[in-house]
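**Student:** Sequence:
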Amino acid sequence: MENKTTRRASFKKLGMGLAAMFGIGAAARAMDGVSKPKKEVVGDIVMDQDIPLFSGGVKHGNTLYIAGKGAHVEPFEIKAHTEIVLQELEKELKKHGSSMEKVLKVNVYLADLADYKGMNEVFRGRFGPNPPVRTTVATYGGVPGNSLVEMDCIAALD
0 MENKTTRRAS FKKLGMGLAA MFGIGAAARA MDGVSKPKKE VVGDIVMDQD IPLFSGGVKH
60 GNTLYIAGKG AHVEPFEIKA HTEIVLQELE KELKKHGSSM EKVLKVNVYL ADLADYKGMN
120 EVFRGRFGPN PPVRTTVATY GGVPGNSLVE MDCIAALD
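Note that numbering that gives the first Met the number 0 has the sequence shown beginning at 0, numbered continuously upward.
Calculated directly from the structure, the hints in this document are not laboratory data.
Don't be surprised by glycine CBs; every beta carbon is placed ideally from N, CA and C.
One should not assume that every hint holds.
[Claimed, not checked] List of simulated lysine-lysine pairs, PhoX-like, C-alpha gap at most 20 Å:
id : residue 1 : residue 2
1  : Lys104    : Lys93
2  : Lys58     : Lys35
3  : Lys58     : Lys90
4  : Lys78     : Lys116
5  : Lys104    : Lys90
6  : Lys38     : Lys94
7  : Lys58     : Lys37
8  : Lys104    : Lys94
9  : Lys90     : Lys78
10 : Lys58     : Lys94
11 : Lys38     : Lys93
12 : Lys38     : Lys104
[Claimed, not checked] Okay, the calculated beta carbon distance ranges per label pair:
id : residue 1 : residue 2 : range
13 : Val33     : His71     : 37 to 45 Å
14 : Ile50     : Glu100    : 30 to 38 Å
15 : Asp157    : Val40     : 18 to 26 Å
16 : Glu76     : Ser34     : 41 to 49 Å
17 : His71     : Asn129    : 28 to 36 Å
18 : Gln86     : Glu39     : 21 to 29 Å
19 : Thr134    : Asp49     : 29 to 37 Å
20 : Ala155    : Asp43     : 21 to 29 Å
Model the full structure from these sequences, guided by the hints.
**Tutor:** This is the structure in structure tokens:
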């Protein structure tokens, strides 16, 4: 009787193992037909000496990445520059199928950390009731192009 139990248990384990193997194989075959996200450049490509330097925007799956936007105009005042930068970000987000409310992450680069409070006054509330995560740094040597602030972001596309 003990032999039958052992043999029965062995057959049961073998059967379960085969079922698991075939189940995994079927799942893998089903996934072959599913397309994987690919990088898609959606913004202008900035060139440097006829060589691509960076893209203004990239989509990957349901995520949109927007390159840094600055305000390269006078007056050189943080609130005015912040307003211009936020408007440019919003324009790019809408152009590519997202919005300020779908922004997941923002990086803020200040030419001078003393402008932190003024930048926050304009930034506050611009991303809806659930703001994105944010990193803010003061750059050594300033922001390129004489902007007092530059921002880039990552947003959802759904």
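**Student:** All hints, please: hold or fail.
**Tutor:** Now the hints, each set against the structure:
no.: 1; hint: Lys104 <-> Lys93; result: 16 Å, holds
no.: 2; hint: Lys58 <-> Lys35; result: 13 Å, holds
no.: 3; hint: Lys58 <-> Lys90; result: 16 Å, holds
no.: 4; hint: Lys78 <-> Lys116; result: 10 Å, holds
no.: 5; hint: Lys104 <-> Lys90; result: 17 Å, holds
no.: 6; hint: Lys38 <-> Lys94; result: 17 Å, holds
no.: 7; hint: Lys58 <-> Lys37; result: 8 Å, holds
no.: 8; hint: Lys104 <-> Lys94; result: 18 Å, holds
no.: 9; hint: Lys90 <-> Lys78; result: 18 Å, holds
no.: 10; hint: Lys58 <-> Lys94; result: 12 Å, holds
no.: 11; hint: Lys38 <-> Lys93; result: 19 Å, holds
no.: 12; hint: Lys38 <-> Lys104; result: 19 Å, holds
no.: 13; hint: Val33 <-> His71: 37 to 45 Å; result: 43 Å, holds
no.: 14; hint: Ile50 <-> Glu100: 30 to 38 Å; result: 37 Å, holds
no.: 15; hint: Asp157 <-> Val40: 18 to 26 Å; result: 20 Å, holds
no.: 16; hint: Glu76 <-> Ser34: 41 to 49 Å; result: 47 Å, holds
no.: 17; hint: His71 <-> Asn129: 28 to 36 Å; result: 31 Å, holds
no.: 18; hint: Gln86 <-> Glu39: 21 to 29 Å; result: 24 Å, holds
no.: 19; hint: Thr134 <-> Asp49: 29 to 37 Å; result: 33 Å, holds
no.: 20; hint: Ala155 <-> Asp43: 21 to 29 Å; result: 22 Å, holds
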